[in-house]
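Chain A is already provided as a structure; the job is to place chain B on it using the hints.
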Amino acid sequence: MSQPTITFRVFRFRAGDPDSARFEEATLPVNETTTVLDVLERLRGGDPPLMYRHSCHHGSCGTCACRINGRERLACTTRVLDLDAKVVTVEPLRKLQPVGDLVVDPVDFFREYPSEWQTLRGSEWQPEASPPVDLPGFTRLENCIECGACVSACPVENFLGPAVLAGLNRERANHPGKEAQLLELAECDRGVWKCKRALECSRVCPTGVYPARHIQELRKKLEQ
Amino acid sequence: MIIVGGGGTGAALTYDLSLRGIEVTLLERGELTSGTTGRHHGQLHCGARYAVQDTEIGRECMEENATLRRIAPGSIEFNYGLFVAITEEDEQYCDTFLPACAACGIPTRVLAPKRALAMEPNLNPKLRLAVQVPDGSMDAWRLALQFFASARYNGADIRSFCEVVGLNLSSGSAVGTQSRVTGVRIRDYRSREEYNLEADLVINATGAWSKRIALLAGIDISVSPSPGTMVAVKGRLTNMVISRLHPAGEGDIIVPQRNLSIIGTTQWLAKDPDSIETPEEDVEEMLRLAAEMVPAFKDAPFHTAWSAARPLVGETNAAGLRALSRDFSLIDHSGSDGVERFLSILGGKATTLRAMAEITADRACEQLGIQASCSTAEHPLRPARSFYSAHAQGAPASRINAGSEERIV
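Sequence order for the protein chains is A and B.
At position 1 of the first sequence (counting the first as 1) the number is 1 in the numbering used here, and the numbers step up by one without a gap.
Counting the second sequence from 1 gives a position; the numbering used here is that position plus 1000.
To be clear, the hints were calculated from the coordinates, so they are not data collected in a lab.
Source: prediction; values computed, not measured.
Some hints could be false.
[To be verified] SDA-like cross-link-like pairs, simulated, lysine to any residue; straight-line CA separation at most 20 Å:
id	chain 1	residue 1	chain 2	residue 2
1	B	Lys-1234	A	Thr-207
2	B	Lys-1271	A	Arg-44
3	A	Lys-86	A	Thr-5
4	A	Lys-95	A	Pro-18
5	B	Lys-1298	A	Trp-125
6	B	Lys-1114	A	Val-133
7	A	Lys-196	A	Arg-94
8	B	Lys-1234	A	Gln-126
9	B	Lys-1114	A	Gln-126
10	B	Lys-1114	A	Leu-135
11	A	Lys-221	A	Glu-184
12	B	Lys-1234	A	Arg-79
13	B	Lys-1234	A	Ser-202
14	B	Lys-1114	A	Pro-131
15	B	Lys-1234	B	Pro-1295
16	A	Lys-95	B	Ser-1389
17	B	Lys-1234	A	Tyr-210
18	B	Lys-1114	A	Ser-130
19	B	Lys-1234	A	Arg-121
20	B	Lys-1126	B	Tyr-1093
21	A	Lys-178	A	Arg-121
22	A	Lys-220	A	Leu-199
23	A	Lys-178	A	Gly-122
24	A	Lys-194	A	Arg-111
25	B	Lys-1271	A	Gly-45
26	B	Lys-1126	A	Ala-129
[To be verified] Derived CB-CB ranges, DEER-like:
id	chain 1	residue 1	chain 2	residue 2	range
27	A	Lys-178	B	Ser-1336	51 to 61 Å
28	A	Gly-208	B	Gln-1267	31 to 41 Å
29	A	Arg-121	B	Glu-1366	38 to 48 Å
[As the list claims (entries may be wrong)] Coverage of chain B stretches by chain A, computed from C-beta distances (three or more under 8 Å per stretch; other residues unrestricted):
id	segment
30	1112 to 1124
31	1190 to 1196
Idealized CB from N, CA, C, for every residue including glycine.
Looking at chain A on its own, in the form it has when it is part of the complex (with noise of 0.2 Å):
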């Protein structure tokens, strides 16, 4: 049995060369399992080498995020014929400042994103299982994996973003003594009431975040 060809369609830029942004087209052969990660990977060797980001491969470090088809995703589980189109393009995402091909600068998101909010979490798995005796509780990581993908999916400008005011009120929830300080940034000028519910960051966060929910249920505190 032949395998399916896809055409790939790969966005091309070198910083601080508007001229030479273009798209790079590439025929190949996929499988069932083949990932649009995979086929990056494939396409690395060019010259100039493309760039592009990843590291664990499954769904956890969120480094790989890029519009795939116009709308974010992360390379390493989406699957080439789950997209069910014959050709695939792939670009940076959007709203990030853009360092080469399809790479863009996490900075800017991270500026906003208070470093020393808590990655941890109770784990709400088996909640019926009792812990070692020697723990307190089971723990687990956040499900934000920080991929960037709802910042660049939200149609909202000048704006803290979802990911922020979900990672926000997920510190309220770990950090009670910390409310009136988080609320008093969830309502600034940049802050929940710049949301305009289009939910496109619920619809595109690849790890159940709904940080929709999140500035919903800041809204209601806020009302109260």
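For chain B alone, coordinates are given in the frame of chain A:
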């Protein structure tokens, strides 16, 4: 000094050297940890998996496990682990396993099936016993980023998307003297240009890619990429790391992380670390072995499968290679390879990255006559996010709208 390779080893080494006050530049051809480190299983080992085979490795893992929990708690889910005995043979292995753990200083607690099932309801109900050990899960990317963030805070220069395409050598000035590495030639993917960077010492920390870098100095080191398959299913089926109570083998460790459960691993040999395809049959086999410990694996929705290329150190030149720990090798190329100011560091485990870096940094300082000792175990690492928030990048790229096709044509 220049470190080549932005994996876990390069991260810990750059941080260690920066804490000693040494000017250090790290070069990575892609994104940081885009090689093997980011793709590893995510287990914070306590050493129990290795205790029977090798007491030294077991002890080292236990020590480093405690150190990493102290200096990088934000990247670690510390929920302990269970070694589960499913068969009578597994149960008998306990008699070998427990004293081996004790010899490594690994605390164990033997649990009756009822108690183990109370902790982890998804375990195979036929289990005969379980042994609790201090295993954990880590976020491979964020742990490495904590080292990079701390190194950058100390002034280290960390350059991703900068590939080392040449090693600059000066030939010996008199007969019989050795050639010496004086710097590297870099291909900067951003500017699409090449340039040289000088250094007093270059350390090759490229793991499964280290053969390629050593060849730039005309040195042949025997390293093979040895990939292993990992399979993730959706849902956190257990909170603790679950290992099979038997001699270390394939598909015998389940590491939960966030909302995923990951079973691994296998081992095969590959030719090129850049083109590794996950064998389809490995995926089925991993899921089958996982289900022996946690039957819910059978019905859990598939998430993804991937492979990570470990560096397997093959036949080595005995004169050039000094095994400082049985788990990793530091090659000083001034030995029989005849190239000074050039080291290669190979192998090791993600759990022991800090210790590996300490030994390598000690050797690097000794070579250059620098008196400075390691203090990486004493200071908490900076948060992963601060890698991006606490630094000023170089010249900003001109803002163009990469967002829409129409506008750029």
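Outcome of the hint check:
1. Lys-1234(B) <-> Thr-207(A): Measuring from Cα to Cα gives roughly 11 Å; hence the hint holds.
2. Lys-1271(B) <-> Arg-44(A): holds, 17 Å
3. Lys-86(A) <-> Thr-5(A): holds, 8 Å
4. Lys-95(A) <-> Pro-18(A): Given pair Lys-95(A), Pro-18(A) holds - Cα atoms ~16 Å apart, limit 20 Å.
5. Lys-1298(B) <-> Trp-125(A): Distance of about 18 Å is within 20 Å: holds.
6. Lys-1114(B) <-> Val-133(A): Satisfied, since the Cα-Cα distance of roughly 15 Å is no more than 20 Å.
7. Lys-196(A) <-> Arg-94(A): holds, 18 Å
8. Lys-1234(B) <-> Gln-126(A): holds, 14 Å
9. Lys-1114(B) <-> Gln-126(A): holds, 16 Å
10. Lys-1114(B) <-> Leu-135(A): At roughly 19 Å apart (the allowed maximum being 20 Å), Leu-135(A) and Lys-1114(B) satisfy the hint.
11. Lys-221(A) <-> Glu-184(A): holds, 11 Å
12. Lys-1234(B) <-> Arg-79(A): Within the cut-off at roughly 16 Å; holds.
13. Lys-1234(B) <-> Ser-202(A): Holds - the C-alpha atoms of Ser-202(A) and Lys-1234(B) are around 19 Å apart, at most 20 Å.
14. Lys-1114(B) <-> Pro-131(A): It holds: about 13 Å lies between the C-alpha atoms, which stays within 20 Å.
15. Lys-1234(B) <-> Pro-1295(B): Since the Cα atoms of Lys-1234(B) and Pro-1295(B) sit roughly 14 Å apart, the hinted pair holds (cutoff 20 Å).
16. Lys-95(A) <-> Ser-1389(B): With a Cα-Cα distance of about 17 Å, the restraint between Lys-95(A) and Ser-1389(B) holds, given a limit of 20 Å.
17. Lys-1234(B) <-> Tyr-210(A): holds, 17 Å
18. Lys-1114(B) <-> Ser-130(A): holds, 12 Å
19. Lys-1234(B) <-> Arg-121(A): holds, 19 Å
20. Lys-1126(B) <-> Tyr-1093(B): holds, 17 Å
21. Lys-178(A) <-> Arg-121(A): With a Cα-Cα distance of about 16 Å, the restraint between Lys-178(A) and Arg-121(A) holds, given a limit of 20 Å.
22. Lys-220(A) <-> Leu-199(A): holds, 17 Å
23. Lys-178(A) <-> Gly-122(A): Measuring from Cα to Cα gives roughly 18 Å; hence the hint holds.
24. Lys-194(A) <-> Arg-111(A): holds, 19 Å
25. Lys-1271(B) <-> Gly-45(A): Answer holds: Lys-1271(B) to Gly-45(A) is near 16 Å, not above 20 Å.
26. Lys-1126(B) <-> Ala-129(A): Answer holds: Lys-1126(B) to Ala-129(A) is near 18 Å, not above 20 Å.
27. Lys-178(A) <-> Ser-1336(B): 51 to 61 Å: Since the Cβ atoms of Lys-178(A) and Ser-1336(B) sit about 60 Å apart, the hinted range of 51 to 61 Å holds.
28. Gly-208(A) <-> Gln-1267(B): 31 to 41 Å: 33 Å Cβ-Cβ, so the 31 to 41 Å window holds.
29. Arg-121(A) <-> Glu-1366(B): 38 to 48 Å: Distance hint for Arg-121(A), Glu-1366(B) holds at roughly 44 Å.
30. 1112 to 1124: holds (count 5)
31. 1190 to 1196: n = 3 at 8 Å, threshold three: holds.
When held up to the earlier numbered hints, the structure conflicts with none and fits them all.
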